[in-house]
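Q: Start from the sequences and build out the full structure, keeping to the hints where you can.
From first to last, the protein sequence lines are chains A and B.
For the first sequence, UniProt numbering begins at 1 and goes up steadily by one.
For the second sequence, UniProt numbering begins at 1 and goes up steadily by one.
These are computed hints drawn from the structure, not numbers from a lab.
The reader is advised that the hints may include incorrect statements.
Which copy is meant is left open, because identical chains are indistinguishable; a pair holds if it fits in one copy or across any two.
Derived DSSO-like pairs (lysine-lysine); straight-line CA-CA distance at most 30 Å [what the hints assert, rightly or not]:
{"id": "1", "residue 1": "Lys138", "residue 2": "Lys518"}
{"id": "2", "residue 1": "Lys138", "residue 2": "Lys86"}
{"id": "3", "residue 1": "Lys216", "residue 2": "Lys138"}
{"id": "4", "residue 1": "Lys285", "residue 2": "Lys396"}
{"id": "5", "residue 1": "Lys394", "residue 2": "Lys373"}
{"id": "6", "residue 1": "Lys27", "residue 2": "Lys518"}
{"id": "7", "residue 1": "Lys216", "residue 2": "Lys125"}
{"id": "8", "residue 1": "Lys396", "residue 2": "Lys322"}
{"id": "9", "residue 1": "Lys74", "residue 2": "Lys518"}
{"id": "10", "residue 1": "Lys30", "residue 2": "Lys518"}
{"id": "11", "residue 1": "Lys518", "residue 2": "Lys125"}
{"id": "12", "residue 1": "Lys125", "residue 2": "Lys380"}
{"id": "13", "residue 1": "Lys518", "residue 2": "Lys64"}
{"id": "14", "residue 1": "Lys74", "residue 2": "Lys451"}
{"id": "15", "residue 1": "Lys271", "residue 2": "Lys417"}
{"id": "16", "residue 1": "Lys125", "residue 2": "Lys494"}
{"id": "17", "residue 1": "Lys64", "residue 2": "Lys494"}
{"id": "18", "residue 1": "Lys322", "residue 2": "Lys394"}
{"id": "19", "residue 1": "Lys518", "residue 2": "Lys494"}
{"id": "20", "residue 1": "Lys360", "residue 2": "Lys380"}
{"id": "21", "residue 1": "Lys518", "residue 2": "Lys59"}
{"id": "22", "residue 1": "Lys64", "residue 2": "Lys451"}
Keep in mind that this is a model prediction, so the values were computed, not measured.
Chain by chain, the residues:
2 protein chains.
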Amino acid sequence: MYRTHTCGQLRMENVNESVCLSGWVQKVRKLGAMTFVDLRDRYGITQLVVEESAPEEIKANVAKLGREFVIQVKGTVIERASKNNKIPTGDIEIIVNELNVLSESEVPPFTIEDQTDGGDEIRMKYRYLDLRRSCVRKNLELRHRMAQLTRNYLSNLNFIEVETPVLIKSTPEGARDFVVPSRMNQGQFYALPQSPQTFKQLLMVSGFDRYFQIVKCFRDEDLRADRQPEFTQIDCEMSFVEQEDVLEVFEGLISHLFKEVRGVDIPKLEKMTWMDAMEQYGCDKPDLRFGMKIVDLTAVAKGKDFAVFNDAEYIGAICAPKCAGYTRKQLDELTEFVKRSQIGAKGLVYVKYNEDGTFKSSVDKFYTEADLKVWAETCKAEPGDLILILVGPKFKTLPQLCELRLEMGNRLGLRDKDVFKPLWVVDFPLLEWDEETQRFYAMHHPFTSPKPEDIPLMDTDPGKVRANAYDMVINGVEVGGGSIRIHDSALQSKMFDCLGFTHEAAQAQFGFLMGAFKFGAPPHGGIAFGFDRLASMFAGLDSIRDVIAFPKNNSGRDVMIDSPSEISPEQFKELGIQLKMEN
Amino acid sequence: MYRTHTCGQLRMENVNESVCLSGWVQKVRKLGAMTFVDLRDRYGITQLVVEESAPEEIKANVAKLGREFVIQVKGTVIERASKNNKIPTGDIEIIVNELNVLSESEVPPFTIEDQTDGGDEIRMKYRYLDLRRSCVRKNLELRHRMAQLTRNYLSNLNFIEVETPVLIKSTPEGARDFVVPSRMNQGQFYALPQSPQTFKQLLMVSGFDRYFQIVKCFRDEDLRADRQPEFTQIDCEMSFVEQEDVLEVFEGLISHLFKEVRGVDIPKLEKMTWMDAMEQYGCDKPDLRFGMKIVDLTAVAKGKDFAVFNDAEYIGAICAPKCAGYTRKQLDELTEFVKRSQIGAKGLVYVKYNEDGTFKSSVDKFYTEADLKVWAETCKAEPGDLILILVGPKFKTLPQLCELRLEMGNRLGLRDKDVFKPLWVVDFPLLEWDEETQRFYAMHHPFTSPKPEDIPLMDTDPGKVRANAYDMVINGVEVGGGSIRIHDSALQSKMFDCLGFTHEAAQAQFGFLMGAFKFGAPPHGGIAFGFDRLASMFAGLDSIRDVIAFPKNNSGRDVMIDSPSEISPEQFKELGIQLKMEN
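A: Given below as structure tokens:
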């Protein structure tokens with residue numbers, strides 16, 4: 001037996017017990033003729049003492065110990081002279097009377113401590129050492145706990161977890177599908193699922209009624225900072241439901257997680273329409289941790305001598321509280337910020353509503369104090385506030401105002417990671433027009449149902465059709481999204497028409513699903529949560545990478561195992577493929 | 001709201017309530033002017049009644065109903081005149097006062113009933129309809145329940161479920177790896193894991209201490225009747241353990257599952273050495289539901305005039321109780337059975353130990369009654385028993401005797417699916433000699449540790465080295481297997497030497513794992529259970545296909561979605577590959 005206790009277990013009540021511990025050497029300190037060793041495992045740290053009177057063999061062994069050696073010790077628990085109240089085992093220590101080195105360690109390439117000297121790259125290469133740091137391991141423990149809580153919560157509500165296949169079918173529209181050549185069916189390929197969408201809908205057709213799965217999904221896309229080629233979803237679907245039923249169940253799940261994991265009571269979630277979210281926050285994932293809503297000044301700011309405003313489709317503002325004292329330099333920084341390529345505003349207009357009630361703006365030559373006062377009133381500004389204004393086409397300017405608002409939230413420290421403000425965004429448009437390809441695309445996916453009252457608009461003004469679609473948004477992050485699906489073949493055909501699919505294309509891609517709908521499909525709907533993102537938010541982290549045991553880098557590489565890599569000529573031959581790369 | 005209750009919920013205490021149900025039409029029966037409809041969902045079946053006095057609209061609607069239509073009804077619960085005690089809702093029925101057709105159905109290609117008229121092929125093509133049959137759905141409900149029980153059991157023991165990557169590295173030995181071309185790293189490939197073996201060992205190096213994962217694994221091999229290209233494992237690993245620790249934990253898990261799922265108390269598992277299993281049952285996965293152990297007659301049956309026996313390395317027998325009355329035809333059948341190509345015995349010798357104490361055998365001209373009596377005593381045969389004998393090289397004959405024993409077990413009805421006899425098979429050989437390639441292969445995998453006392457044999461007689469490896473076997477099926485791993489780089493190198501790996505080959509394949517071992521690896525070991533097989537055994541099924549929602553056929557095809565399939569020229573171009581098939 002390698003241990004009687006873990007390194008996080010012993011307390012005052014164990015004093016005088018003979019124990020056996022195993023773990024990693026965190027630190028060795030000599031104090032006169034005594035040696036102290038911090039022994040670490042997943043459960044904690046326990047202090048070992050090798051006394052001057054210890055057998056020579058032990059003293060020789062302890063002298064050889066280095067950081068990260070794996071050792072087993074036997075000894076007696078005693079009360080510590082100087083207690084360490086920072087760790088749960090800090091009242092005791094172990095007088096060592098046997099010490100075995102189970103495994104030596106070279107000097108690790110970085111220190112295995114919460115505050116490490118290792119950079120990102122080296123920590124990724126030696127990820128197995130990075131995972132030893134308790135701050136990293138705790139993220140994965142939290143993730144595990146959230147998965148367990150989710151599974152138990154949904155199982156108790158009669159949801160069944162069903163494993164859907166990983167080797168599925170590549171579809172012509174699946175531009176970002178990973179594909180897998182088949183050896184038994186040479187020349188043909190499987191695809192890895194971007195989501196189990198069609199399978200979960202088939203399960204509803206099968207009468208499974210309530211399905212969920214915590215499941216890996218795959219997307220071969222250019223990786224932005226916080227994407228991974230393989231990611232995990234909490235994927236769910238329900239039958240005989242309307243939108244309200246789905247929202248209620250999954251609001252319950254998220255509230256349960258907040259309560260259990262963070263000890264937070266989340267009030268009933270606000271429902272905000274997509275249009276309100278856009279107009280008030282400039283995006284479909286508003287951060288409600290702070291106000292500073294966008295105000296439409298179009299009506300009040302036009303009609304003077306300022307051509308830029310008069311010619312603009314839309315004039316929008318935010319009011320930054322207590323920022324009227326911003327310096328020239330600070331205002332220049334904000335102007336630079338909104339001009340950045342990702343945001344792309346042409347310029348920024350500011351109005352300082354000074355504490356003394358006067359106004360100072362960058363458009364003073366076009367507007368009187370009385371004009372500016374009207375703006376301030378429209379913005380509900382108080383003396384001391386700073387009004388920031390952007391103009392342009394409405395749906396181009398709103399996202400710019402969104403970015404500006406978030407930046408001001410950051411500057412004012414209003415985006416506390418320990419505050420959580422979830423909401424539902426509802427009534428998304430069904431379709432999105434793409435200028436480049438001159439066609440509509442499904443905003444969620446082609447199975448999303450239109451609101452019944454908007455169905456006639458599919459023929460006359462498809463862009464105006466609202467969907468039975470919803471996103472859950474927390475602190476400006478979309479953590480989940482879903483919809484009530486179409487369950488009627490005729491309506492599904494109409495949808496494919498709107499998307500410009502030929503009958504043949506629709507049949508080739510989704511024939512099996514449309515076929516299934518012909519044998520009695522129940523009304524159904526569902527949702528999928530991004531589990532990596534949800535876990536990273538609960539852990540208070542910025543990146544999903546930190547809640548993934550073995551993540552890939554921005555080029556989709558696992559630098560630890562050096563993958564992807566070349567394959568052998570035999571493998572090419574068996575698969576019936578060869579390379580054909582363009583230089 | 002689509003329903004107030006499910007179709008399995010209503011009882012006598014609901015009589016007079018107004019309810020709303022939704023579900024599938026299982027059956028429509030007319031009785032005079034009344035119509036009875038069986039309405040089905042996942043939870044049960046409820047009888048609806050449309051009375052003669054019902055509104056004309058309802059009567060018109062009900063007249064149009066066909067099997068598998070999805071309908072919603074409102075009505076009042078009443079007590080049934082003729083109760084049906086076969087279903088839980090059999091005491092009541094619903095007088096329908098509103099009926100909405102939610103979705104029509106074409107006539108399904110087979111009947112959606114436990115006893116269906118659909119053949120395998122049509123049911124696979126319309127798997128979403130096959131899954132409506134409650135006997136099929138129940139298998140997946142059981143699978144879900146087993147997964148939940150497993151996760152909660154292991155979590156309660158401090159195991160953490162960690163998701164390991166699906167896109168990993170192809171290795172030169174990974175002949176059966178599925179590979180995935182990378183778009184961002186053209187010319188390079190990921191591989192899908194055949195198991196998370198190296199990652200779970202890295203997690204032990206990381207100090208995770210107790211890991212598990214219910215995880216999809218992939219193997220591109222020719223599919224025998226009961227294999228799937230993607231399958232699910234309960235994958236586990238523990239640190240600071242010896243073999244006994246691992247066996248105890250996972251015996252606990254399996255006992256827990258038997259208790260909860262099947263209501264069966266499993267006694268402490270027997271441990272049988274690999275050699276005993278081979279000698280007594282002819283294989284490393286003995287079916288202990290019945291005796292009929294193999295008896296070695298080599299010593300007692302040689303030395304007479306029968307050259308076949310005298311020349312044989314090994315003479316083995318089983319004693320089939322109460323089969324002395326077997327007819328010529330039955331004995332011929334058995335002879336044919338053992339001569340089948342998969343078994344490949346040259347012939348079968350029988351000895352009837354008649355009820356009257358006399359003997360009749362196929363070798364009467366070589367052996368006296370006294371000779372045969374000695375055999376019978378060696379076999380512990382009773383009058384009325386039939387002794388069946390095979391001869392040949394020992395380790396070729398034992399598997400033949402195993403097959404014969406199982407066949408006799410089947411014929412005698414000794415392999416009851418509701419009886420479970422699990423055991424541990426231990427002390428497997430570390431290495432297996434392959435005649436064809438003239439080298440040793442790891443019997444489990446190259447990370448399995450040899451028994452410490454056998455390490456010297458690695459240099460002198462590698463084939464004799466026993467491993468710290470173990471399988472859990474239930475009813476003749478290997479449901480799980482694992483080992484204590486090597487955690488020492490030097491011993492791991494020695495192992496690679498035994499396997500004939502060059503240093504470079506070992507480094508290229510497992511360099512990251514061997515590198516990790518240099519930074520303090522704890523002693524560790526683990527196990528993986530075949531979850532599909534375990535679930536199918538608990539469900540009393542013959543095939544793992546029946547516990548998989550969307551299985552593939554023997555050619556690795558999903559005939560429902562028609563996958564694998566061709567991919568587009570754009571996909572080939574982006575991936576930098578092209579076809580090169582040989583005709």
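Q: Does each hint fit the structure? Answer for all of them.
A: How the hints compare with the structure:
1. Within a single copy, Lys138 and Lys518 get their C-alpha atoms only as close as 49 Å, which misses the 30 Å cut-off; across copies the closest is 24 Å, which meets it.
2. Taking the closest pair of Cα atoms, Lys138 and Lys86 come within 30 Å of each other only inside a single copy of the chain (17 Å); across copies the shortest separation is 52 Å, beyond that limit.
3. Taking the closest pair of Cα atoms, Lys216 and Lys138 come within 30 Å of each other both inside a single copy (21 Å) and across two copies (25 Å).
4. Taking identical chains as interchangeable, the C-alpha atoms of Lys285 and Lys396 lie at most 30 Å apart only when both belong to the same chain, with a minimum of 16 Å there against 68 Å between chains.
5. For a Cα distance limit of 30 Å, the shortest separation of Lys394 from Lys373 inside one copy, 23 Å, qualifies, whereas the shortest one across copies, 102 Å, does not.
6. In this assembly of identical chains, the alpha carbons of Lys27 and Lys518 lie at most 30 Å apart only when taken from different copies (18 Å versus 68 Å within one copy).
7. Both within a single protomer and between protomers do Lys216 and Lys125 lie at most 30 Å apart by alpha-carbon distance, with minima of 23 Å and 25 Å respectively.
8. Only within a single protomer do Lys396 and Lys322 lie at most 30 Å apart by alpha-carbon distance; the minimum there is 28 Å, versus 89 Å between protomers.
9. When the C-alpha separation of Lys74 and Lys518 is checked against a cutoff of 30 Å, the pair qualifies only between copies, where the shortest distance is 24 Å, while the shortest distance within a copy is 70 Å.
10. Proximity of Lys30 and Lys518 under a CA criterion of 30 Å is satisfied inter-copy only: 25 Å between copies versus 78 Å inside one chain copy.
11. For the homomeric pair Lys518 and Lys125, the shortest alpha-carbon distance between copies (14 Å) is at most 30 Å, but the shortest distance inside one copy (52 Å) is not.
12. For the homomeric pair Lys125 and Lys380, neither the shortest alpha-carbon distance inside one copy (53 Å) nor that between copies (63 Å) is at most 30 Å.
13. Proximity of Lys518 to Lys64 under the C-alpha cut-off of 30 Å is restricted to the inter-copy arrangement: shortest distance 16 Å between copies versus 74 Å within a copy.
14. In this assembly of identical chains, the alpha carbons of Lys74 and Lys451 lie at most 30 Å apart only when taken from different copies (24 Å versus 70 Å within one copy).
15. For the identical chains of this complex, Lys271 and Lys417 are intra-copy neighbours only, at 22 Å inside a copy versus 54 Å across copies, given an alpha-carbon limit of 30 Å.
16. Proximity of Lys125 to Lys494 under the C-alpha cut-off of 30 Å is restricted to the inter-copy arrangement: shortest distance 26 Å between copies versus 51 Å within a copy.
17. Taking the closest pair of Cα atoms, Lys64 and Lys494 come within 30 Å of each other only across two copies (25 Å); inside a single copy the shortest separation is 76 Å, beyond that limit.
18. Taking CA atoms no more than 30 Å apart as the test, Lys322 paired with Lys394 passes inside one copy only; the shortest distance there is 27 Å, against 91 Å between copies.
19. With identical chains, the CA atoms of Lys518 and Lys494 are at most 30 Å apart within one copy only, with a shortest distance of 15 Å there and 62 Å across copies.
20. In the homo-oligomer, the alpha carbons of Lys360 and Lys380 lie at most 30 Å apart inside one protomer (17 Å), although the nearest pairing across protomers, at 109 Å, exceeds that limit.
21. Taking the shortest alpha-carbon separations for Lys518 and Lys59, only the inter-copy value of 24 Å comes in at or below 30 Å, while the best intra-copy value is 79 Å.
22. For the identical chains of this complex, Lys64 and Lys451 are inter-copy neighbours only, at 28 Å across copies versus 73 Å inside a copy, given an alpha-carbon limit of 30 Å.
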